[in-house]
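Q: What follows is each chain in one-letter form.
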Amino acid sequence: MRKVLEVRNLRTHFELVEGTVRAVDGVSFQLNEGEVLGIVGESGCGKSVTAQSIMRILPKSARIVDGEILFWNQQDVVDLTKLDSEGEQMRNIRGKDIAMIFQEPAACFAPVYTVGEQMIEAILLHEDMSKQEARRLALKMLEKVKIPNPESVLDRYSFQLSGGMLQRCMIAMALSLNPKVLIADEPTTALDVTIQAQIIYLVNQLQKEYSSAIMWITHDMGVIAQISDRVAVMYLGQIVETAPVKDLFRNPLHPYTRALLRSIPRLARRKKKLEAIKGVVPDPYNLPIGCRYHNRCDSFIQGLCDEREPTEVEVDVAHRVKCFLYGGR
Amino acid sequence: MATGHKLLEVRNLKKYFPIEKGFFKRVVAYVKAVDGISFDLFEGETLALVGESGCGKTTTARCILRAIDPTEGQILLNIDGRMVDVAKLSRKELKPLRRYMQLIFQNPYTSLNPRLKVKEIVGEPLFVNKIAKGKELEEKVAELLEAVGLRPEYMVRYPHAFSGGQRQRIVIARALALRPRLVICDEPVAALDVSIRAQILNLLMELQEKFKLTYIFISHDLSVVQHVSDRVAVMYLGRIVELASTEELFDSPKHPYTESLLLSVPKPDPEAVEEFRPIEGEVPSPVNPPSGCHFHPRCQYAEEVCRTTVPEFRDVGLLENPHYVACHFAERLSLKGVRQL
Amino acid sequence: MAINERVTKRTKVEEIYLASEWKLMWWRFKKNKLAIVGLVVLFVLYVLGIFCEFFAPYNPEKIYSAYVYAPPQKVHFFKDGKLTRPFVYGFKIERDPQTLRRIYKEDPSKVYPIKFFVRGDEYKFWGMWKTNLHFFGVERGTMFLLGTDRMGRDVLSRVLYGARISTTIGLVGVFLSMMLGILIGGVSGYYGGWVDNFVQRSIEFIRSIPTIPLWMALAAALPRYWSQVKVYFGITVILSLVGWTGLARVVRSKFLALKEEDYVVAARLAGASEFRVIFKHMLPALTSHLIASVTLAIPGMILGETGLSFLGLGLRSPAISWGVLLQEAQNIRTVALYPWLLSPAFFVIVTVLCFSFVGDGLRDAADPYKT
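As you go down the protein sequences, you meet chains A, B and C in turn.
Counting with this note's numbering, you get residues 99 to 427 for the letters of the first sequence.
Counting with this note's numbering, you get residues 35 to 375 for the letters of the second sequence.
Counting with this note's numbering, you get residues 10 to 380 for the letters of the third sequence.
Think of the hints as simulated: they come from the structure by calculation, not from any bench.
Note that the Cβ used here is the ideal one computed from N, Cα and C, for glycine as well.
Hints may contain errors.
Below are the DSS-like pairs computed for lysine-lysine, each with C-alpha atoms no more than 27 Å apart in a straight line [said to hold, decoys possible]:
no.: 1; chain 1: C; residue 1: K239; chain 2: A; residue 2: K158
no.: 2; chain 1: B; residue 1: K169; chain 2: C; residue 2: K42
no.: 3; chain 1: B; residue 1: K153; chain 2: C; residue 2: K114
no.: 4; chain 1: B; residue 1: K40; chain 2: B; residue 2: K129
no.: 5; chain 1: B; residue 1: K246; chain 2: B; residue 2: K129
no.: 6; chain 1: C; residue 1: K289; chain 2: B; residue 2: K153
no.: 7; chain 1: B; residue 1: K167; chain 2: A; residue 2: K376
no.: 8; chain 1: B; residue 1: K164; chain 2: B; residue 2: K246
no.: 9; chain 1: B; residue 1: K151; chain 2: C; residue 2: K119
no.: 10; chain 1: B; residue 1: K122; chain 2: B; residue 2: K151
no.: 11; chain 1: B; residue 1: K167; chain 2: C; residue 2: K83
no.: 12; chain 1: B; residue 1: K174; chain 2: C; residue 2: K289
no.: 13; chain 1: C; residue 1: K239; chain 2: B; residue 2: K151
no.: 14; chain 1: C; residue 1: K88; chain 2: C; residue 2: K124
no.: 15; chain 1: C; residue 1: K88; chain 2: B; residue 2: K129
no.: 16; chain 1: C; residue 1: K71; chain 2: C; residue 2: K40
Negatives, chain A to chain B, calculated, CB over 12 Å [stated by the list, open to error]:
no.: 17; residue: L156
no.: 18; residue: S260
no.: 19; residue: T292
no.: 20; residue: Y308
no.: 21; residue: D327
no.: 22; residue: K344
no.: 23; residue: D345
no.: 24; residue: R348
no.: 25; residue: L358
no.: 26; residue: P363
no.: 27; residue: E373
no.: 28; residue: A374
no.: 29; residue: P380
no.: 30; residue: T409
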């Protein structure tokens, strides 16, 4: 398997009036060709900021303070953090080599242009072809994502389409340039279950055809289980556990992962009381010292977890965890 | 379980929202948000209303609470053995009945007035109904906050001091202030983080026992519904298509829509990645719903009769375990539940 | 982290938790430097305007016929290279042999020291107490810091007297249109239906009436025996009966949105009366916005006065307002030869800018719960 993207010790901080928020604080992972990496975590864990850092579309108040984002482009390797976020090289990569789909597709299409115009424009921006060819490509892509009457959808405006349809258009647009990496930031969260199932089914199908590596961000353990090959679990700006999906669900190691899996109500498993994770997510301006999960952890070791930060240990093949229970001193 | 007597009887409830056009606000069409639904609610049980967005579950809740006025139908509330039709009451007559029914909102960020202290928010129902004031009010608020797992000292803070989960606890405390019999929970955990959801669900179940509450639990999340409810009503485009006990409905659904809903829920188990084909198409517009059975354009079992005739909402279950369904072929189809996967 | 530091951090957080909306708003407003500067300048301007008899060195009507079109006298701090109390030089008057125009020159032999709390022209403070105490001035000679006008009247004194009228005469009008806007807009938004429809159509009608002809008609219609200021006041009040429409629309749309807000629904479900729902839950959500929009409306009123008086439709002399003063500087000759007559324009600009700064600051601070 060839690496396409590697994030090393990424730190993205926000300077806000209330203080510095270390939204992403030392995140490292790699993404291989053709795999789906699921990134799971609660709101505020830094999963979206990680994606925005890779795309270099961070809000003004945010800054990448440390780390590298290596992207294998054809033969050469580029460090995306070194590029000018509005420079030509980054603009060429963004949208073509690394594409992104968002939670709210309605917000990504301008209401004054038709869906077709916007798809064609995106294609022409990166590809040297005529308008007719671009239109044909757009049409082909809409067929690929199973949109009924693709011809008529091309000439419609975003507000005339449902959320599910728009998300399909978004996927079609993102895949039309055959990107090496596709980042999906909670693309099904705003959709109904039956539509979500359709999208997941569609992406699983397309995945077989396109070799794009996918980084799928979600808070939903169910979606993660259904779509990813490998999973990274994030908590308060850090990856606490990475593992192949079956490993993670069969043998979760980090206390947070375990608690998370225990706390979700499941179909076909009825029990009156859920095992809840105690406490609340700490204030982002005032992160706990030591392991960030220690104040909610069941296996908290006094004098260790609240004083030092554990390092990442490889427990099994490709199964890494950041917890003192498995070494990491 | 549903051993108690009837607390609520909903009969043929309808809510149509007019669509107005032009200078004179001429009504050109109606959004049939709720289109003739009927169900009973028994004391002490949790009845879940599930369905996708636009199916009318929230509108149903708001009608029962009379936050909006229903177009047609009866909402009979049992008040000390007397069935009172809430739908027919004037606003004035309604006021003393408000204390019997309360609502827990979906979004804890918009349902608390940011300009009031927790004390005023939780105490408002007690104050406006002249149940308590001054020192007594504070004591009652403290009691309520303790019941939902918050420190009573927090009552002097403003809502912005609290996280989503804590805010939802405040919302619950306010809903319980008047000791209601019926609490409608409108997606109470949908806006919360995964690790907080379990806490709130546990709290709701705990309070149900402690205060002898009856819940109508509205959710689109079937795993949550399955966990908390005794009976489930599945709604599609303003109608209830299936209503049965939770076990029955999840084990052996009788309506094709219920089946596809159950199959659509992504299971948190990578071993169970099954190659099913999700149902195609999307929920049609409630302005102009399909003829006959609303589900027929998406139903793989649909036949001619589904296009022409509205299926009757009928009991196909056993005597002690009724199972209502609105499908022409309910008896003939053998559908997949979640146990059989 | 040291214990002390932890404790201060804790108490700071606790303070935020206990902070009311107004406190949060003030904290935010304080961070906006420009708005704070604006607020201070406005405060000074209003104090000067309110106590203009005291702060003005001269009676604004007093004519110094010997000093027509005198240029501003410079304030000096050094005499013979040494720091002394501030003083002004007297004038040496010459005549241009060709144009016969008077030319004022500083006369170093006449030194008039500037003193605080001097006795000068007698006035009736707020029309009540007779006194002749002035904040500053000269005991001998003259001190025209902004020069004099065509009749030899002190421009600075006239500007200060003008400030009183210009900055306050429209306030009642603004207040009145605010009240009407909230009331009518609120009713329209809260009740909806045909009430809303009726109010909206009326607003559209009112907004289509052109204001300047209306203004002219009103100016002519008000009783002849009224004083200038009274007439103008009357006009602003009548105009406020027209001017409420903008705010009413804002209030209406806010009410429409607020009515559906979860916490308002919650209050209704709790059994709160309509009165309580409106005054405890809905209006407070608007007040910060209202204050901001009123602050932004006041400069409009000041500019309105200036503009209309300049056109001759608003106030006219002998009333003193910034607009009236500017009207007297209405020709190219003045601009070229007596530029100090334009100084009221400077005050208008500063005032309007300050109001805008404060209004913007308030508007940004008004939403502590956004972002």
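Q: Could you run down the list of hints and mark each one as holding or not?
A: Against the structure, the hints come out as follows:
1. C:K239 <-> A:K158: violated, 53 Å
2. B:K169 <-> C:K42: violated, 43 Å
3. B:K153 <-> C:K114: With Cα atoms ~73 Å apart, K153 of chain B and K114 of chain C exceed 27 Å; violated.
4. B:K40 <-> B:K129: holds, 22 Å
5. B:K246 <-> B:K129: holds, 22 Å
6. C:K289 <-> B:K153: With a Cα-Cα distance of about 14 Å, the restraint between K289 of chain C and K153 of chain B holds, given a limit of 27 Å.
7. B:K167 <-> A:K376: With a Cα-Cα distance of about 34 Å, the restraint between K167 of chain B and K376 of chain A is violated, given a limit of 27 Å.
8. B:K164 <-> B:K246: holds, 23 Å
9. B:K151 <-> C:K119: violated, 68 Å
10. B:K122 <-> B:K151: With Cα atoms ~35 Å apart, K122 of chain B and K151 of chain B exceed 27 Å; violated.
11. B:K167 <-> C:K83: violated, 68 Å
12. B:K174 <-> C:K289: holds, 21 Å
13. C:K239 <-> B:K151: Violated, at roughly 47 Å.
14. C:K88 <-> C:K124: holds, 16 Å
15. C:K88 <-> B:K129: Distance ~84 Å between K88 of chain C and K129 of chain B Cα, so the pair is violated.
16. C:K71 <-> C:K40: This hinted pair is violated, its Cα atoms lying about 45 Å apart.
17. L156: holds, 23 Å
18. S260: Non-interface label fails for S260 of chain A: nearest chain B Cβ at 5 Å, not farther than 12 Å.
19. T292: violated, 5 Å
20. Y308: At roughly 19 Å from the nearest Cβ of chain B, Y308 of chain A sits farther out than 12 Å, so the non-interface label holds.
21. D327: violated, 9 Å
22. K344: With a cut-off of 12 Å, K344 of chain A comes too close to chain B, as the shortest Cβ separation is near 5 Å.
23. D345: violated, 9 Å
24. R348: Not fine: 8 Å to the nearest Cβ puts R348 of chain A too close to chain B.
25. L358: L358 of chain A is in fact no farther than 12 Å from some Cβ atom of chain B, at 6 Å.
26. P363: violated, 4 Å
27. E373: violated, 7 Å
28. A374: violated, 4 Å
29. P380: violated, 10 Å
30. T409: Non-interface label stands for T409 of chain A: nearest chain B Cβ at 24 Å, farther than 12 Å.
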